[in-house]
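K.L.:
Sequence:
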Amino acid sequence: MKSINYLVSIVAVVALLIALLASVSAAVNIESVEVSGIETEPAGSVNVAAFAGQTIPVRILFEATGNNESDVVVKAWISGERDYRVTTKRFAALASGTYSALLNVQVPSNIDPAEKLRLQILIESESSGRLDSREISIAAQRESYQLEILDVIFDPKVQAGETLAVDVILSNDGYEFADDSFVKIRVPALGIERRAYFGDLSPVDQPVRAESPDRLDKEDTTERRIYLPVPASAPAGVYAIEIEAYNEDASILVSKKLAVMASSDASIVVSPSKSKTFNVGSQGTYSVTLVNSGQNVRVYELVTEASADLNVEAEETIVAIPAGTSKTVKVMASSSKAGEYPFSVSVYSDGNLVKKESFTANVEGRTRTGAGTGRTTTPNTTVVLTVVLAIIFVVLLVVLIVLLTRKPQKAEEFGESYY
6 MKSINYLVSI VAVVALLIAL LASVSAAVNI ESVEVSGIET EPAGSVNVAA
56 FAGQTIPVRI LFEATGNNES DVVVKAWISG ERDYRVTTKR FAALASGTYS
106 ALLNVQVPSN IDPAEKLRLQ ILIESESSGR LDSREISIAA QRESYQLEIL
156 DVIFDPKVQA GETLAVDVIL SNDGYEFADD SFVKIRVPAL GIERRAYFGD
206 LSPVDQPVRA ESPDRLDKED TTERRIYLPV PASAPAGVYA IEIEAYNEDA
256 SILVSKKLAV MASSDASIVV SPSKSKTFNV GSQGTYSVTL VNSGQNVRVY
306 ELVTEASADL NVEAEETIVA IPAGTSKTVK VMASSSKAGE YPFSVSVYSD
356 GNLVKKESFT ANVEGRTRTG AGTGRTTTPN TTVVLTVVLA IIFVVLLVVL
406 IVLLTRKPQK AEEFGESYY
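The numbering used here numbers the first residue of the sequence shown as 6 and each following residue consecutively.
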């Protein structure tokens, strides 16, 4: 008897639970759903079209048919994309009330054209859980022509005078082929720009198949590395670096930040002696030492500036110096006139002035003025000495000739006397 009573009690409890669940499920009833202004009820009767990346308005009309419900929310999202889920604020749904909720749902930007998407709608409360739901088919499609920069990878800090390596991953998110696509990287504030060819991109990744007559490896994504040289004279600061992907049909621009550090110590110019004293007709030799303390090979150009009376020449005007090394370049100066002459040597790299060194040439020597000309001439010491020696030689030769040609006097003959 007791067993029968227990069984009856269990059946009654189960029946009560079923009744409660039925009443809960019937507490809210979705009357209609509009997607982009299109009525979708009854469910499945309409396949609403939407473009990838588009935000579509979804209006849900529902009625509270049961008891009052507190903390009710309406949620909507595209199947498999919970990150794009949108939710209303919590509200109380009073019995017999009709409510309208408007949600803006974003369609994923990167979709497979062959994939079928579904719009999920859920009404629930904190106390009762799920109240009602709908599932609506979405005919999602891509824009005909659309490029997407999936990622840009580079060191956010670079030293002036060095080269920045930028890796760009480009994808075709359009419905059609992306023919002859390019990527351009530039820093407008520094006036630098580089471009790379990314080729043709398929709308769907199609690897090579042995059984297929089409042997082309059609990929929808590709990656390239672009090198962007930063001028050595670039001031330290944070700059906007722009990455633009484009072809004849589509374009996209992404902007990021790049920190440029000063390169005051990347190139060092040292001149141990700035002043030399030498004679007229001879040369003064100066030295300019170039130090490349950067991480890349650098090419330097030496440009000399001097007055017309001073001839200045650099041993090498174009010098390539590997990273972490140095080189000394000789600079020769000469003049045919005595005086003090200033001159300079400017060192350039990448078309920018690295440093300008100033020197002084002290040229010594006597000068004389040519007769009747008023021009200052400088005697040649060697020539003068040669002339003097020649004159002395001629004089000695004349004396010798005179001595040799002179007749000696005869001695007087005295006879012998005998006494």
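Think of the hints as simulated: they come from the structure by calculation, not from any bench.
Hints are supplied without guarantee of correctness; some may be wrong.
Claimed, not checked - Lysine to any residue pairs mimicking SDA-like chemistry, simulated, CA-CA at most 20 Å apart:
1) K223 to P234
2) K162 to A241
3) K189 to I174
4) K279 to A241
K.L.:
Hints first: check each against the structure and report whether it holds.
P.N.:
These are the hints, each one checked on the structure:
Distance check on the hinted pair: K223 and P234 sit about 32 Å apart at the alpha-carbon level, beyond 20 Å; violated. As the CA atoms of K162 and A241 are separated by approximately 11 Å, the hinted pair is consistent with the 20 Å bound. Taking the CA atoms of K189 and I174, the gap is about 13 Å. The hint holds against a cut of 20 Å. Using a Cα cut-off of 20 Å, the hinted pair K279 and A241 is violated, with the two alpha carbons roughly 31 Å apart.
In the structure shown, a violation is registered for the earlier hints numbered 1, 4, in ascending order.
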